[in-house]
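Using the sequences plus the hints, can you model the full thing?
If you want the building blocks of each chain, they are given just below.
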Amino acid sequence: MLKYIWLVPALPLLGAAFNLFFGKMLGKFSGMLAAALVGGSFVVSVLAFFELVGKPAEERVYVAHLWDWFTSGKLSVGADLRVDVLSMTMILVITGVGFLIHIYSNGYMHGDERFSRFFAYMNLFVFFMLTLVLGQNFIVMFVGWEGVGLCSYLLIGFWFEKKSAANAAKKAFTTTRIGDTFFVVGLAMIFVHFGTFDFDKVLNSHTAGTLSTATLTAISLLLFGGAIGKSAQIPLHVWLPDAMEGPTPVSALIHAATMVTAGVYLVVRTHVLFTTTSLNVVMIIGLATALYAATVAVGQDDIKRVLAYSTLSQLGYMFFAAGMGAYGVAMFMLVAHAFYKALMFLSAGSVMHGLDGETDMKKMGGLRKYMPITAALFMIGALSQAGVPPLAGFFAKDPILSIAEKSGRMVPWLLADIAAFLTAFYVARLIFMTFFGKERSDKHAHESPKIMTVPLMVLAVGALAAGFLDMKGLLPSPEGIFGRWEEPVTGVFAEPTGGLPESILIVISVAIALVAIWVAYTVYASERWVAVRERYSNAHRVLENAWYWDAAYGWVVERPAKGLARFAAFGIDKGIIDGVVNGLGSVTKGISAGGRRVQTGMVRTYAAVFLLGVVGVLAFLVVRS
Amino acid sequence: MSVEQWVFWILAPISVASAILMVLQRNAVHSALFLILNFFTIAIFYLVLGSPFLFVVQIAVYAGAIMVLFLFVIMLLGVDREESLKERIKGQRVLAIVLVVGVLAEIVTAIRLGVGISAKGAAGWDLVNKGGNPQALARVLFRAYFLPFEITSVLLIVAAVAAMVLTRERLSSVPDADMDVDIGEEEEALA
Amino acid sequence: MNVPVGDILVLAAILFSIGTAGVLVRRNALVIFMSIEMQLNAVNLTLVAFSRELGSLNGQVLAFFSMVVAAAEVVVGLAIIVSIFRRRTTVNVDEENLLKW
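Residue numbers (the numbering used here), protein chains in the order written: chain A, 1 to 625; chain B, 626 to 816; chain C, 817 to 917.
None of these hints come from the bench; they were simulated from the model. It cannot be assumed that every hint is accurate.
Heads up, simulated BS3-like pairs for lysine-lysine below, C-alpha to C-alpha not over 30 Å straight-line [as the list claims (entries may be wrong)]: (1) Lys562/A to Lys163/A; (2) Lys472/A to Lys55/A; (3) Lys589/A to Lys715/B; (4) Lys916/C to Lys711/B; (5) Lys363/A to Lys443/A; (6) Lys472/A to Lys406/A; (7) Lys916/C to Lys589/A; (8) Lys438/A to Lys369/A; (9) Lys28/A to Lys450/A; (10) Lys28/A to Lys163/A; (11) Lys916/C to Lys715/B; (12) Lys438/A to Lys450/A.
Derived contacts from chain B toward chain A, CB cut-off under 8 Å, selection only [unchecked claim]: (13) Pro638; (14) Ala642; (15) Ile714; (16) Leu720; (17) Ala721; (18) Leu724; (19) Glu731; (20) Thr734; (21) Ile776; (22) Thr777.
Ideal Cβ placement from N, Cα and C applies to all residues, glycine included.
Here it is, written out as structure tokens:
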């Protein structure tokens, strides 16, 4: 099956084309077609997976050269796909979770005017994401990189009649563009120093070792710049909360499970190029984002925005792990997060569906009576995120915390623990405000149809059970099945010894989670939160506005840019350029207004002028002789 | 002084005077009459210059036919119309005087410079005019200048037809372009 | 022939310029037309004078043709003036200003 690996991206692309051109004809069938094609990709991926597993660990690489793309001077780039342990993990997640989300979308987007267009975009996105992770060289990866950015824009702004949605799409695109610029400069540097874009030649430690540390740091930081944009880390994180304007399946697929994880994939893929300095930068930014986003999530009332900031925070954890060199751990967190975050987003969509689109948690409450299935599944996702064993999230987060403590990074460990507390707190808060307590909604809440709840159940299985992949003897470990599976790419991770014993660390992290849940319960399961909010209204306002980060950008970036644009538009374009052009017109008009007065229509004037000419000619003739 | 010189020096002032008076008359009929006088003087000059044929033709065609035609039309169009003295176009009179003086000066200069003046006729003049002026002219006209002769006869017919076409009475069923209305609209549009 | 030809030419020049003045200064179309005729006559006089001077009949033939054409021209020109008069009941050329911008 590895020979047919090109089918994996090709099938969704086919679906996108079909739905773009024949969508109107297919009608409701377009959604099923799209889901089926992604499902087909999943099947091909699974078959390829088995084939890959059948090989010994060092040989789990398959490169498919599809065609010669372009050659320019010394550079020759082919459309090449690479299937190895890392990309296989990614395509399984993308196609698997993607398939479930496509099925869910058939129910969620039911009745939408542009139903087939939605699925065309979704399929197109899956295609680009697969291209991104399957690329054998940086150029193919870049095609996918840009493509997912485009699809993200199209899907965030899917309901473009809503001004806030259109603005959010623009914000997402321009912010990630900034990151992409760094990425491209990084690519240029790669070409300058390596002369090629092929992963085999660039990403091996021998050639990398020939370059100076400074060069490698520069290259890796530039590439990480792209990751900052795409994965919404500080300081380019501002687009992700606004991206919640898009339909909920979009938030689940793109802004939880896949596109935002592209940055993590990038770092893990190119980790050979990262030096100690650049890894420290990655770690610091990841940790900072994790902590910042966790605080902000505590202050959000919109159910989707809580999840958005939560995504930022979890991504921060992944980068935190990668920055410590624990790439396998970061990847496992990516997989687990894909399950429980997609589950929570889709469940939130289910809640919204049941309440006619309501997203404000202040207007929810006590919903578990009306949508028990959604409530139960949502809680599974929440417990997983909070890091309660034996769910997957615990097996993902705990190794990160213990590696931090054991390797002597005490301050990061403390900060990560605070963030973990807040994580459990805000996710429990979400559950209690939505499903428990007084019923504050006046809408007629109902459970969602099976087409939406069944995918949730499948995801819940993943959120529950995936933990076993990361186990070594019932304890989470980077050397579990998953960790060892990833080793051909990530390298063997030297687990730090020293520090507190593993069991103590586990107890600490579980305790943090449980205490946080208990605090959330006391405040939010009843109506006590209203009074608490009154008391801490100032703090709440700061958190709700994300520490005024967006406002700051508005002042520092937006206003100068708008001023410059206004100057260019009115000052230069209208004033100077239009002025010149209009001025030419006016001058011509003026000249002609003056000039045409020669045409007096008076015969005698004409005769006089005529004679004037004659006199002139005669004079010339007389003088000449 | 010989006879010719006498004739010339008497008639030249008359010629010039009649010309000036023609231009200055306010009544068009008076102008025409003065022009006829001018034509007469010129006819005599032709005679003096040795072309009796043109003398007769000038009187018969110019003074007799063309000026009569003029007088017909003047009377047709209102014989008592008097032109006002006020000049409406600014600077026209000044410009006219300047230009006319200029033309005169230039031509006179050209004459003084370029022409060899001799007081007697060219040799061979009598030879050319052998048998009388009409006969001599006929010899030249019907041989060397035959084609132009025929063409001018066609021209005369064309002119006669043109005059008839231009001035015929329009039948009421053939619509004339209502020029006054079009002009009015144009002027309104431009204003 | 005792009259110096130069004098005749000067006379013709004077008549020509008087005709030009008439064209420029008068407003009555008919008087303008008559002034043009005077110009033509002056030219004819010049031609005949030169014919005498140069001993060739070409000048007289040319003058003859000039007279014929002048006659045709007068016919057509007067017809035009009459037809303009029919529309506008004026022979004042200042009022024929349709070519005005």
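We went through each hint and held it up to the structure:
| no. | hint | verdict |
| --- | --- | --- |
| 1 | Lys562/A to Lys163/A | 18 Å, holds |
| 2 | Lys472/A to Lys55/A | 23 Å, holds |
| 3 | Lys589/A to Lys715/B | 26 Å, holds |
| 4 | Lys916/C to Lys711/B | 21 Å, holds |
| 5 | Lys363/A to Lys443/A | 9 Å, holds |
| 6 | Lys472/A to Lys406/A | 18 Å, holds |
| 7 | Lys916/C to Lys589/A | 18 Å, holds |
| 8 | Lys438/A to Lys369/A | 11 Å, holds |
| 9 | Lys28/A to Lys450/A | 17 Å, holds |
| 10 | Lys28/A to Lys163/A | 27 Å, holds |
| 11 | Lys916/C to Lys715/B | 16 Å, holds |
| 12 | Lys438/A to Lys450/A | 27 Å, holds |
| 13 | Pro638 | 26 Å, violated |
| 14 | Ala642 | 24 Å, violated |
| 15 | Ile714 | 6 Å, holds |
| 16 | Leu720 | 5 Å, holds |
| 17 | Ala721 | 7 Å, holds |
| 18 | Leu724 | 5 Å, holds |
| 19 | Glu731 | 4 Å, holds |
| 20 | Thr734 | 5 Å, holds |
| 21 | Ile776 | 27 Å, violated |
| 22 | Thr777 | 26 Å, violated |
Consistency with the previously given hints fails for numbers 13, 14, 21, 22, ordered from lowest to highest.
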